[in-house]
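S.K.: Single-letter residue listing:
2 protein chains.
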Amino acid sequence: VSLVWLNGEVLDAAEARISVADRGLTLADGVFETIRCEGGAMLWLSAHLRRLAEAAALLRIPVPLSDSEVEAGLAALLVRSGLARAALRLTLTRGPAARGLWPPGEPIHPTLLATIAPLAERAPVRAVLAGSTRRNAHSPLSRLKSLAYGDAILARIEAESRGADEALLLNTAGRVACASIGNIFVCLDGAWITPPAEEGILPGLARARLIPLLGAKEQPLAVEALRRAERLFVSNSLSCTPARSIDGGDLPPQLPFDPAALYR
Amino acid sequence: VSLVWLNGEVLDAAEARISVADRGLTLADGVFETIRCEGGAMLWLSAHLRRLAEAAALLRIPVPLSDSEVEAGLAALLVRSGLARAALRLTLTRGPAARGLWPPGEPIHPTLLATIAPLAERAPVRAVLAGSTRRNAHSPLSRLKSLAYGDAILARIEAESRGADEALLLNTAGRVACASIGNIFVCLDGAWITPPAEEGILPGLARARLIPLLGAKEQPLAVEALRRAERLFVSNSLSCTPARSIDGGDLPPQLPFDPAALYR
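Protein chains in written order, with the working numbering: chain A, 354 to 617; chain B, 354 to 617.
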């Protein structure tokens, strides 16, 4: 039986269902976090909850439970799932509401949902630089984990149609920003760089820990520089995945660090 | 009792619920249309269904029912709602799926949902030019009715905090693109203009009909030109709403046409 945690209760996923009027569904009016779980521990949990709270504050969505209530709920879900290594997803939406973009004076009953699945490591990916869409560096949403993953989905559709399995996205200024599901680190002339937050990226929790671990520099990444990349990997809170090629050009598919040194 | 039409059935809204794994909820992986209904008729229905099908094709979401099946379902919902004037919303998502942005080989069971509400006319609005975010003219999603309305929500939050009730959005090039919930028409030197599709706007069905009705020209709209606007109104498939001010500068709040000549 697959279990979820919805508005404070652990439920069978088949029973726990979302209102047709939930603004998470109708308008992508919400945010989420994905949390790596290993041996009963929820990695970087307080940082995840802080980031969720900051994103919710920007969107003026109240978080309906305290951090300790959320932690207890997630812990209960994790234990009852029986999974040793899991990906926990915590989603907050503005909840069900009357029709319209911003109905004035509408009471807010946010939806807080956690789902859980086995943690899957990805094999090294063939990446392409997507031409179908770009990250919006002008939108605050590009810097938080909004529900709106349509551009990433379009880029992934393009990657698949080009025989690849991951897409790198440009930002609106035409520089390389990130991958469809995480930040990127690129090795150039033997040194590691990653695009800065202002480039329209989500500043990931893994990224923040990798910068000191690798001595990486935050710097904008031109397409020409990407073409000279000696290595590239994608990071997020669940895992890091090396690219074995970019637009067909082979790269050594090794990570420059031991994941056990990062995810702890 | 509020009714909805979900995957081919008319249901009580309280019973018709969405899976916690629906990609419309988790990733904004879907599109929608809003349809004006009056006296039992669904206005511009075939154009709405064509636009939905085109957007779905771009996102590779199969439409699970034929146009005539959809029309019959929407008509049944409209009749059973008892509403003489209604806003029908038709939403298509990729449906429930396993975790992840693009799980390979995942079977697709799309969700097709219609909801209905009384059609509300909006009083003339106080508009502001939003500084908090911009439309992404580089993304194909800006030209279709994706579920991702976060930028519009941010802009509307800004409008409210500035004592207004509608927001005009710049595109990533810094030109005026549209309002939070529709296209804009601006009167400059006595002539009507509206930004072209390439400016990162959703090319609306009302807009397509208003261009010949007003003899409007499609042309990019600089902020300086907006400052000289003699009139402005917002159009969408449900209604047209004049602005009575832009950033506090008063405008005559009249539409330059009879809505009955448009919505028919």
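Any given hint could be a false lead.
As the list claims (entries may be wrong) - Stretch-level coverage of chain B by chain A, calculated; a stretch enters the list once three of its residues show a Cβ under 8 Å from a Cβ in chain A:
1. 378-392
2. 456-470
3. 540-549
Keep in mind the hints are simulated off the structure, nothing from the lab.
Cβ atoms here follow ideal geometry from the backbone N, Cα and C, with glycine treated the same way.
S.K.: Okay, the segment 378-392 of chain B and chain A, do three or more residues pass the C-beta test at under 8 Å?
M.R.: holds (count 6)
S.K.: Checking C-beta pairs, does the segment 540-549 of chain B have three or more residues closer than 8 Å to chain A?
M.R.: violated (count 0)
S.K.: If you count the residues of the segment 456-470 of chain B with a beta-carbon closer than 8 Å to a beta-carbon of chain A, do you get 3 or more?
M.R.: holds (count 4)
Violated hint for the displayed structure: number 3, the only one.
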